[in-house]
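Turn these sequences into a full structure, and let the hints guide you.
Number of protein chains: 4
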Amino acid sequence: MVYPGANHTRFHHAIGCMHLMQKAVRVLRFKGVAISDEEANALYVAILLHDIGHGAFSHALEHSIVHGISHEEISLKFMKELNTVFKGQLSLAIEVFEGKYKRTFLNQLISSQLDIDRLDYLKRDSFYTGVTEGNISSDRLIAMMYVQDDVLVIEEKGLYSVEKFLIARRLMYWQVYLHKTGLVAESVLVRVLQRAKELVKDGVMIPASSALLYFLNNEITERSFDKSTLEVFASLDDYDVWAAIKEWCQQTDVVLSSLSKMLIHRNLLKITIRNHPFSSEEQQEIRTRVAEENEIPLDLMHYFVFTDQVSNQAYNTLKPIKIMSKKGELTDIAQASDQLNLQALTKPVVKYIFCHPKKMKLA
Amino acid sequence: MVYPGANHTRFHHAIGCMHLMQKAVRVLRFKGVAISDEEANALYVAILLHDIGHGAFSHALEHSIVHGISHEEISLKFMKELNTVFKGQLSLAIEVFEGKYKRTFLNQLISSQLDIDRLDYLKRDSFYTGVTEGNISSDRLIAMMYVQDDVLVIEEKGLYSVEKFLIARRLMYWQVYLHKTGLVAESVLVRVLQRAKELVKDGVMIPASSALLYFLNNEITERSFDKSTLEVFASLDDYDVWAAIKEWCQQTDVVLSSLSKMLIHRNLLKITIRNHPFSSEEQQEIRTRVAEENEIPLDLMHYFVFTDQVSNQAYNTLKPIKIMSKKGELTDIAQASDQLNLQALTKPVVKYIFCHPKKMKLA
Amino acid sequence: MVYPGANHTRFHHAIGCMHLMQKAVRVLRFKGVAISDEEANALYVAILLHDIGHGAFSHALEHSIVHGISHEEISLKFMKELNTVFKGQLSLAIEVFEGKYKRTFLNQLISSQLDIDRLDYLKRDSFYTGVTEGNISSDRLIAMMYVQDDVLVIEEKGLYSVEKFLIARRLMYWQVYLHKTGLVAESVLVRVLQRAKELVKDGVMIPASSALLYFLNNEITERSFDKSTLEVFASLDDYDVWAAIKEWCQQTDVVLSSLSKMLIHRNLLKITIRNHPFSSEEQQEIRTRVAEENEIPLDLMHYFVFTDQVSNQAYNTLKPIKIMSKKGELTDIAQASDQLNLQALTKPVVKYIFCHPKKMKLA
Amino acid sequence: MVYPGANHTRFHHAIGCMHLMQKAVRVLRFKGVAISDEEANALYVAILLHDIGHGAFSHALEHSIVHGISHEEISLKFMKELNTVFKGQLSLAIEVFEGKYKRTFLNQLISSQLDIDRLDYLKRDSFYTGVTEGNISSDRLIAMMYVQDDVLVIEEKGLYSVEKFLIARRLMYWQVYLHKTGLVAESVLVRVLQRAKELVKDGVMIPASSALLYFLNNEITERSFDKSTLEVFASLDDYDVWAAIKEWCQQTDVVLSSLSKMLIHRNLLKITIRNHPFSSEEQQEIRTRVAEENEIPLDLMHYFVFTDQVSNQAYNTLKPIKIMSKKGELTDIAQASDQLNLQALTKPVVKYIFCHPKKMKLA
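Protein chains in written order, with the working numbering: chain A, 1 to 363; chain B, 1 to 363; chain C, 1 to 363; chain D, 1 to 363.
Among the hints, a few may not be true.
[Claimed, not checked] Straight-line distance between alpha carbons at most 20 angstroms, and here's what the computed EDC-like set of lysine to aspartate or glutamate pairs gives:
{"id": "1", "chain 1": "A", "residue 1": "K351", "chain 2": "C", "residue 2": "E156"}
{"id": "2", "chain 1": "B", "residue 1": "K180", "chain 2": "D", "residue 2": "E155"}
{"id": "3", "chain 1": "C", "residue 1": "K23", "chain 2": "B", "residue 2": "D139"}
{"id": "4", "chain 1": "B", "residue 1": "K261", "chain 2": "A", "residue 2": "E231"}
{"id": "5", "chain 1": "D", "residue 1": "K261", "chain 2": "C", "residue 2": "E231"}
{"id": "6", "chain 1": "C", "residue 1": "K261", "chain 2": "D", "residue 2": "D238"}
{"id": "7", "chain 1": "D", "residue 1": "K351", "chain 2": "B", "residue 2": "E156"}
{"id": "8", "chain 1": "D", "residue 1": "K326", "chain 2": "B", "residue 2": "D139"}
{"id": "9", "chain 1": "C", "residue 1": "K180", "chain 2": "A", "residue 2": "E156"}
{"id": "10", "chain 1": "A", "residue 1": "K261", "chain 2": "B", "residue 2": "D237"}
{"id": "11", "chain 1": "B", "residue 1": "K23", "chain 2": "C", "residue 2": "D139"}
{"id": "12", "chain 1": "D", "residue 1": "K180", "chain 2": "B", "residue 2": "D237"}
{"id": "13", "chain 1": "A", "residue 1": "K23", "chain 2": "D", "residue 2": "D139"}
{"id": "14", "chain 1": "C", "residue 1": "K351", "chain 2": "A", "residue 2": "D149"}
For the record, the hints were derived by calculation from the structure and aren't laboratory data.
Structural data, given as structure tokens:
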């Protein structure tokens with residue numbers, strides 16, 4: 001919706017992660033860190049599959065299609081299923097992925113503040129969006145990796161690269177991932193699905209693929225997510241959702257059809273972002289006005305006028321990135337950085353959005 | 001199916017073409033070629049819309065969804081429709097696009113052997129596939145453009161760049177556009193649509209979006225392609241087709257479901273390519289064998305065992321690329337090239353493909 | 001000495017700056033900032049010539065070849081001389097360069113904390129060294145430029161890009177410009193010239209080009225730098241200095257020859273860097289030891305054992321980079337940045353180096 | 001003189017070659033070609049040193065500084081000298097370099113029509129000049145390498161890449177290596193050295209570094225090129241030559257000073273290129289005229305008015321590039337290419353240049 005060149009896929013990302021992981025293993029082994037062939041394979045399998053639990057429109061619909069189950073948990077379900085098919089060959093990969101394997105640093109390569117996942121997606125997203133400033137030097141960061149006391153660390157001379165990585169990630173969040181046009185599109189998308197579910201619950205027949213209907217009909221939670229759900233989930237992708245939304249443009253339900261048209265015709269709600277919350281009075285007033293002007297029942301207005309919050313924490317001190325001095329001492333990057341006040345980056349930044357139909361003026 | 005990074009879109013291409021056209025106009029004006037603001041705008045509109053008539057899966061389904069009407073003709077229909085909406089503002093663009101405008105070189109910028117279209121798609125496809133050898137220097141080719149006697153020409157010192165462009169295009173054809181995995185996927189895709197049409201004609205109900213059903217139900221030709229067809233055509237895209245194919249995997253018709261599964265599971269037919277045709281005897285023999293082995297009626301075997309031909313002409317002497325010497329004389333690039341036998345490139349190369357289910361051996 | 005790919009020249013940089021300045025003028029005019037053709041030309045001339053006063057090995061020898069006169073002042077002398085040749089055509093460029101022209105923002109494009117000079121050299125140096133993390137988005141920063149109340153400002157939505165620019169510059173300083181191998185090479189180079197001057201003053205004949213001999217023989221200061229000096233200065237470049245150093249490897253003076261050999265054979269002094277100063281006691285002790293071991297008179301030891309300091313200020317609040325909000329209000333970037341503590345970057349970072357012959361251990 | 005970005009060095013090229021050779025060894029071993037560690041090291045040493053015999057201004061002065069000895073022969077002398085220093089560790093590298101080792105394909109990696117040297121320099125020169133059309137896919141060509149019957153071959157599917165490589169090399173020759181401004185600069189450079197030698201022979205004292213004087217004073221041939229020559233040769237580089245030419249601008253000999261000034265002030269002779277030779281009558285007439293106009297003795301005119309020829313053979317059938325079919329059959333690329341008439345590329349193209357002072361008109 002924002003960057004016309006950004007059509008890269010999660011498949012591409014998975015391959016890229018595997019490629020970077022192979023580099024990391026090569027670098028660490030070269031520096032004398034013992035990694036057995038079994039462990040290396042576990043790393044490759046784990047990183048290749050780490051995102052397999054992402055469903056249609058991934059993060060955007062992560063909590064709309066299913067409830068109370070994260071994509072990581074679904075990834076794990078897929079891995080366990082594949083482990084059955086491949087007769088236990090993924091057991092070690094699963095242990096590493098879950099963080100249950102005795103050697104902690106292997107899990108840190110998969111999931112930490114400086115994991116292979118981030119090294120790939122920041123570089124990839126920067127490249128395909130053309131936001132060159134988000135570019136990071138994955139190669140150099142990997143070349144600076146080392147393992148000390150079972151902790152994945154970065155050698156001292158990579159300090160500036162880590163700083164740069166944190167700043168780049170922060171920039172990508174506010175400029176790309178939380179871009180306001182993207183945010184409003186996502187909000188509308190979530191509401192389309194909500195409305196569709198509501199209608200289905202009320203017995204209204206709406207067109208959708210069999211896989212999508214499954215998730216519209218059933219409230220899938222962590223508990224009810226069984227093997228057959230997994231199969232349907234695997235077959236559900238962007239095509240099902242987008243093709244349905246295209247059809248829904250012609251549905252009689254005005255909420256469903258107008259939200260759908262907003263997406264298909266790229267004619268989204270207006271969005272305002274600010275640093276402090278929007279009060280429920282502000283919302284209510286505008287809802288009343290829009291409802292009157294458009295003859296839409298007030299109790300449907302939450303589909304068109306709503307507020308939300310987004311946040312990003314550039315650096316989390318709970319799982320610190322460790323810098324290793326030449327003498328082998330470990331310091332949290334937030335302390336190691338001689339000047340740049342990384343401590344400031346640890347505070348989560350929260351912003352508030354307010355969406356409403358165009359032509360409305362936010363008083 | 002072949003290059004995981006090649007997810008770029010026709011929308012992206014259209015924007016890129018417009019960008020290059022602006023450069024071309026700037027270069028030509030700088031060299032003293034008079035181009036009025038109206039003519040420049042006509043060029044921008046024409047190149048921006050030149051591919052708008054491409055439907056779902058573009059070239060692959062160009063002759064499956066409609067019949068006897070090319071994508072250029074459909075582009076023209078869109079432009080004419082838009083011209084009504086924009087009250088005649090596209091009239092000159094349409095004239096230029098159709099080659100009816102008095103100044104021929106304007107049309108050559110839109111459609112010729114060295115048009116802006118090719119300058120964009122070769123560079124773009126080379127970039128996104130990673131086939132760096134197909135890269136061309138659009139900038140330099142544009143910088144070498146000139147107009148002599150109303151003919152778009154390339155200045156003599158751009159000779160090697162044109163040679164390089166022709167060789168790169170030839171390479172891209174055989175290595176990317178006619179890649180054998182792409183060819184077999186396309187062939188299967190066409191046959192899925194054929195089968196769907198057949199079933200619909202026989203009264204079988206199969207799931208599909210309303211737009212897709214329209215084209216499955218109606219045999220649209222040049223004559224019957226009216227304004228309402230245009231609207232449905234505009235709303236039909238890859239999502240409709242791919243979402244339908246996903247659903248068709250579960251259909252009872254074995255032809256429809258097995259062809260659909262081949263695409264969705266990336267488990268395609270086996271393909272063989274060679275320089276001379278496959279005889280109908282060869283085909284028949286294999287069809288018989290496959291039919292027996294799989295208990296499929298022989299009259300359905302043309303869906304699974306078939307031959308076809310692909311061809312590419314690297315350079316066409318009928319609409320030559322003209323090279324202008326320092327003295328202003330024009331020569332066909334095929335003559336101007338001092339050594340590289342470009343004449344050889346004028347002969348169309350034809351190759352023959354043969355597709356059949358895996359596990360079969362081609363005797 | 002450090003990055004084998006970094007062979008780019010100041011000539012290349014000057015052309016690049018001119019290219020970016022043309023972009024900046026185009027952007028500002030597009031946004032309605034009035035810039036006359038004379039002013040635009042003045043900008044182009046001023047940026048093209050802004051570094052012309054850099055002599056052989058530029059910064060490294062800036063204070064060895066001449067004294068008490070900066071490269072900016074020499075650039076100015078060149079411009080004035082050219083202005084005579086070109087009959088006053090550079091007058092406005094000189095005014096802008098000197099910051100005497102009424103419109104301040106024109107000078108800010110030439111010389112400020114976010115000038116065109118930095119936009120070119122950071123990107124260029126990042127590219128040729130391969131330190132991709134120093135890459136900045138010159139294009140985007142220029143696209144965000146605007147002029148408010150005769151001040152060059154950056155629009156609010158370019159905030160993250162400015163942050164990124166400051167961080168990238170800081171990284172380039174410590175990773176490239178103040179790289180320790182570069183620092184020691186520079187220190188040795190300065191001392192070779194010092195020694196050569198000393199010998200010449202003592203009447204020793206040493207080989208050197210006529211231009212280099214001129215500066216070895218004469219102590220050129222701001223006052224004595226006349227037109228004939230300018231001519232000799234213009235003819236002195238890296239070739240004179242390096243060719244002389246090559247010859248000096250064979251000179252009988254052991255200081256001159258050993259320092260020269262260090263450079264030519266890339267066998268430099270050992271360098272140590274730390275955050276607090278090296279005491280004169282530390283120095284003296286090592287000088288005594290090295291003098292004894294190598295039978296070199298103690299009063300020559302300052303050529304081989306010495307300390308120095310380097311510093312960098314990532315951001316200077318005295319000449320702030322101004323951010324313009326949507327409402328047109330200007331804020332210092334150090335205040336505007338919502339979270340990243342740019343205030344911290346205003347403190348100059350000082351580091352101390354200590355150089356001494358190899359095989360010596362720093363106690 | 002032509003491409004301001006092309007400041008890359010032979011040192012950089014040597015490192016790049018070594019890098020590519022490591023890739024080639026990895027690829028070949030992966031495909032089952034046995035290469036012992038000793039052989040691999042020999043390849044690395046041989047490719048790292050293959051150009052070490054290139055002197056100042058390499059090809060340009062290859063036949064001016066010494067006579068009757070090629071840079072390959074000098075490289076060999078260096079390797080043999082180093083072999084003494086390193087006690088025989090380079091013996092195998094030398095055998096491979098000389099083509100005397102039993103396994104022929106190792107030498108083909110060092111020196112053939114598709115050797116590692118070309119794979120590096122074409123890509124590198126294309127990159128630094130910005131002539132993107134000369135770009136080749138070294139990675140893909142290496143990935144397509146194989147060894148059959150001790151012959152280095154390219155697998156059939158790399159056919160288009162080899163074609164592209166040959167076309168790119170041809171383009172680089174005519175657009176970069178034989179660029180007319182480069183040709184005239186080279187011709188003048190050679191004549192400056194010739195004149196300097198003549199003067200020295202006549203007893204005129206001219207400034208030059210000791211290394212350069214050695215080669216001006218002595219006519220070094222293959223026979224007289226001994227170990228002490230090697231040492232002086234090693235110390236002679238571009239700095240000596242260019243620094244001397246700068247000094248020679250002030251010499252009294254008008255030939256030496258005016259040719260030197262042409263280079264230093266980038267004010268070269270005028271050059272004309274055509275496909276047939278320039279007759280001695282043409283030359284003589286212009287020499288007479290220029291001599292009269294400038295009051296230069298006619299017998300010195302060959303320094304200012306002269307003709308020469310340049311040639312390039314895009315493909316040499318004597319040492320063919322072999323393509324291997326899937327069945328393991330080898331064909332010369334000139335035969336294997338289905339359409340592009342590579343046979344035409346085997347004919348050497350010869351062009352004739354004519355240089356003379358500006359302001360002269362070539363009748």
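Check the hint pairing B/K180 with D/E155 against an upper bound of 20 angstroms on the C-alpha distance.
Measuring from Cα to Cα gives roughly 17 angstroms; hence the hint holds.
Can the restraint linking D/K351 and B/E156 be considered satisfied, given a maximum Cα separation of 20 angstroms?
With Cα atoms ~16 angstroms apart, D/K351 and B/E156 stay inside 20 angstroms; holds.
Against the 20 angstroms threshold, does the CA-CA distance of D/K180 and B/D237 hold or violate the hint?
violated (53 angstroms)
Next pair to validate is C/K261 with D/D238; report whether the Cα-Cα distance is within 20 angstroms.
Status holds; Cα separation ~18 angstroms.
Is D/K326 within 20 angstroms of B/D139, Cα to Cα?
The given pair, whose Cα atoms are some 39 angstroms apart, is violated under the 20 angstroms limit.
Are the Cα atoms of C/K351 and A/D149 separated by 20 angstroms or less?
violated (31 angstroms)
For the pair supplied as a hint, C/K180 and A/E156, is the alpha-carbon distance within the 20 angstroms limit?
holds (15 angstroms)
Assess, step by step, whether the Cα of A/K23 is no farther than 20 angstroms from the Cα of D/D139, and give holds or violated.
Answer holds: A/K23 to D/D139 is near 18 angstroms, not above 20 angstroms.
What's the verdict on B/K23 and C/D139, does the C-alpha distance respect the 20 angstroms limit or exceed it?
holds (18 angstroms)
With a cut-off of 20 angstroms on the C-alpha distance, tell me whether A/K351 and C/E156 pass.
Given that 20 angstroms is the threshold and the Cα spacing comes to 16 angstroms, the pair holds.
Given the hint that C/K23 pairs with B/D139, test it: the Cα-Cα distance must not exceed 20 angstroms.
Since the Cα atoms of C/K23 and B/D139 sit roughly 18 angstroms apart, the hinted pair holds (cutoff 20 angstroms).
Given the hinted pair B/K261 and A/E231, is their alpha-carbon gap at most 20 angstroms?
Holds, at roughly 15 angstroms.
Hint violations for this structure: numbers 8, 12, 14, all remaining hints satisfied.
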